[in-house]
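In order, the protein sequences belong to chains S and W. Residue 1 is where the first sequence starts when you use the numbering used here, and the numbers rise one by one after that. Residue 1 is where the second sequence starts when you use the numbering used here, and the numbers rise one by one after that.
Please note that a few of the clues may not be correct.
[To be verified] Pulled a few chain S residues facing chain W out of the computed Cβ check, cut under 10 Å:
hint : residue
1    : Ser-48
2    : Ala-100
3    : Ala-103
4    : Pro-114
5    : Leu-120
6    : Gly-121
7    : Asp-122
[Claimed, not checked] Anything over 10 Å on all C-beta distances counts as not near chain S; from chain W, calculated:
hint : residue
8    : Glu-6
9    : Ala-15
10   : Ala-20
11   : Gly-41
12   : Ser-53
13   : Leu-96
14   : Ala-107
[Said to hold, decoys possible] Distance ranges between label pairs, derived from CB positions:
hint : chain 1 : residue 1 : chain 2 : residue 2 : range
15   : W       : Ala-61    : S       : Lys-118   : 15 to 23 Å
16   : S       : Lys-83    : W       : Ala-33    : 38 to 46 Å
17   : S       : Glu-63    : W       : Gly-99    : 36 to 44 Å
Keep in mind the hints are simulated off the structure, nothing from the lab. In this text, a Cβ means the ideal position worked out from N, Cα and C, and glycines have one as well.
In case you want the letters, here they are:
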Amino acid sequence: MDVRFDASELNALTAELNTKAQRVGAEAAAVVRKGALNVKNDARRLISGLAHAPAYPYSIGYEVEGDGRFGSISAEIGPDKAKAQGALGNILEYGTVNNAPFAHLGPALDLEGPRFEKALGDLGAEVFDQ
Amino acid sequence: MTGPLERPVALAVIAALSTALGATRAGYAVRPAGGGPQTDGTFHAYARVHPGSTLLAGGTAADPNADAAQTVQVTYIADSAEAADQARDTGRAALLTPGALTITGRALVNPVTLADTTEVREDNDPQPPLWFAVDRYRIDTTPA
């Protein structure tokens with residue numbers, strides 16, 4: 001018995017998926033950048049107004065590594081210890097033995113979670129609908 | 001409709017920790033009466049419970065703010081790293097045990113989860129120095 005497998009359709013599908021993956025990669029990168037920006041802004045907003053740490057909110061920033069073309073992109077959001085009051089991050093976020101926490105980074109990430117998930121879901125649906 | 005409340009969740013956590021760590025060893029954002037240095041020179045590890053953020057997680061048309069995802073921070077404090085971690089381990093096991101939390105007016109939608117945690121750290125502000133470890137728990141509830 002002779003079994004033949006026609007891979008021409010599969011190759012076409014693979015090529016199409018690769019093309020879409022590149023597009024998803026670029027647009028997913030934009031979603032990650034936007035998500036990081038949102039987390040930074042929310043974290044700054046949540047921690048603003050502390051009389052003893054007026055400069056701290058401005059130490060919070062983000063860095064993005066990768067741009068989606070290489071299959072991975074990551075963002076790191078948090079205070080820069082080199083900036084004024086940036087070293088207070090851990091103390092403020094988690095508190096100490098005698099100081100209550102002012103949680104801001106964790107809650108900012110929690111706020112962004114559903115938005116980020118929805119944005120990625122919408123992106124996938126949009127690309128594969130085309 | 002009344003939205004999700006902070007206090008009943010914190011009180012439920014304190015009750016569960018009091019069972020696990022010992023009565024008066026968990027306080028509502030303060031050092032509880034039974035925690036800290038004792039007259040006999042010993043130190044009783046204790047937990048401070050801090051209500052955290054509340055995210056509304058949906059609900060019904062009649063009560064759109066019914067469901068909530070709430071975060072509670074527990075700071076475990078002791079006079080050594082080992083004792084702080086021991087208190088944390090005990091508290092964590094208690095809070096993650098299914099059915100351990102009874103929240104007035106609310107029912108758990110999902111099991112309690114460990115949302116965040118830190119390494120045990122030394123705090124040199126108090127003298128002698130103390131050690132503390134932080135866990136954050138996520139608690140998803142709906143009206144009971």
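Results of checking the hints against the structure:
{"no.": "1", "hint": "Ser-48", "in the structure": "violated, 15 Å"}
{"no.": "2", "hint": "Ala-100", "in the structure": "holds, 6 Å"}
{"no.": "3", "hint": "Ala-103", "in the structure": "holds, 6 Å"}
{"no.": "4", "hint": "Pro-114", "in the structure": "holds, 8 Å"}
{"no.": "5", "hint": "Leu-120", "in the structure": "violated, 19 Å"}
{"no.": "6", "hint": "Gly-121", "in the structure": "violated, 16 Å"}
{"no.": "7", "hint": "Asp-122", "in the structure": "violated, 19 Å"}
{"no.": "8", "hint": "Glu-6", "in the structure": "holds, 13 Å"}
{"no.": "9", "hint": "Ala-15", "in the structure": "holds, 21 Å"}
{"no.": "10", "hint": "Ala-20", "in the structure": "holds, 20 Å"}
{"no.": "11", "hint": "Gly-41", "in the structure": "holds, 19 Å"}
{"no.": "12", "hint": "Ser-53", "in the structure": "violated, 4 Å"}
{"no.": "13", "hint": "Leu-96", "in the structure": "holds, 18 Å"}
{"no.": "14", "hint": "Ala-107", "in the structure": "holds, 21 Å"}
{"no.": "15", "hint": "Ala-61(W) - Lys-118(S): 15 to 23 Å", "in the structure": "holds, 21 Å"}
{"no.": "16", "hint": "Lys-83(S) - Ala-33(W): 38 to 46 Å", "in the structure": "holds, 41 Å"}
{"no.": "17", "hint": "Glu-63(S) - Gly-99(W): 36 to 44 Å", "in the structure": "holds, 43 Å"}
The structure fails to meet hints 1, 5, 6, 7 and 12 from the earlier list, while all remaining hints are met.
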